[in-house]
Amino acid sequence: QVQLQESGPGLVKPSGTLSLTCSVSGASISSDYWWSWVRQPPGKGLEWIGEVFHTGRTNYNPSLESRVTIALDKSKNQVSLNLRSVTAADTAVYYCARGANYAWGTWGQGDLVTVSS
Amino acid sequence: EIVLTQSPGTLSLSPGERATLSCRASQSVSSIYLAWYQQRPGQAPRLLIYGASSRATGIPDRFSGSVSGTDFNLTISRLEPEDFAVYYCQLYGQQYGSSPPPMYTFGQGTKLEIK
Chain W
1 QVQLQESGPG
11 LVKPSGTLSL
21 TCSVSGASIS
31 SDYWWSWVRQ
41 PPGKGLEWIG
51 EVFHTGRTNY
61 NPSLESRVTI
71 ALDKSKNQVS
81 LNLRSVTAAD
91 TAVYYCARGA
101 NYAWGTWGQG
111 DLVTVSS
Chain F
1 EIVLTQSPGT
11 LSLSPGERAT
21 LSCRASQSVS
31 SIYLAWYQQR
41 PGQAPRLLIY
51 GASSRATGIP
61 DRFSGSVSGT
71 DFNLTISRLE
81 PEDFAVYYCQ
91 LYGQQYGSSP
101 PPMYTFGQGT
111 KLEIK
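Just so you know, the protein sequences line up as chains W and F, in that order.
If you use this note's numbering, the first sequence corresponds to residues 1 to 117, in order.
If you use this note's numbering, the second sequence corresponds to residues 1 to 115, in order.
Okay, the calculated bits of chain F under chain W, using three or more residues with CB under 8 Å as the criterion:
1. 22-35
2. 40-51
3. 84-92
4. 105-114
Read the hints as simulated data drawn from the structure, not as lab findings.
Even glycine gets a Cβ: it sits at the ideal position worked out from N, Cα and C.
Sequences are here, hints too, so could you generate the full structure?
Okay, here's the thing in structure tokens:
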């Protein structure tokens with residue numbers, strides 16, 4: 001059974017960098033899947049941030065591309081997200097998810113990150 | 001960016017009734033790229049339908065998806081109490097004549113509430 005678990009600092013200061021890790025168990029991130037990050041501001045809808053393939057190839061949401069980096073750590077079986085120059089608008093629950101057939105069948109439980117001084 | 005418009009914003013029904021949720025794309029898209037999710041309060045989204053009409057693993061057969069042109073529908077044939085939640089459609093695609101690569105977009109959601 002594949003499980004995803006997000007972890008991060010919970011609180012980030014404005015203009016700082018938001019860093020999250022998705023730990024994957026029950027599957028290898030080197031397998032033939034895309035690994036995505038999706039976020040959801042409190043009380044609002046879902047927004048795709050970007051994805052990484054097992055080869056390291058990435059695709060990003062154009063609205064966030066200049067501030068985002070998604071990468072794999074195969075030695076730890078983890079997927080990372082870095083979002084730079086954050087503002088209060090980046091406050092959200094951040095989910096990692098595993099993709100296939102252009103959809104995400106496996107999700108982490110989500111991690112709330114608040115941007116505040 | 002392709003825009004997905006979901007309707008209605010809120011749907012009030014009773015258990016046992018039939019629910020039909022709609023999702024319209026701003027341009028013609030391939031149905032293989034359309035998915036539906038259910039999200040209960042405090043939980044992560046749950047994949048229901050992919051490829052517009054294929055049920056994900058473990059999804060009851062009361063959930064079905066269909067497509068007609070740029071209009072996609074999610075139908076719940078007979079509502080159970082656990083079905084009252086927010087539903088999102090999601091698309092992978094690229095705006096015609098646009099240079100950015102394909103991306104994933106979501107509809108704004110339909111809240112299915114108990115009447």
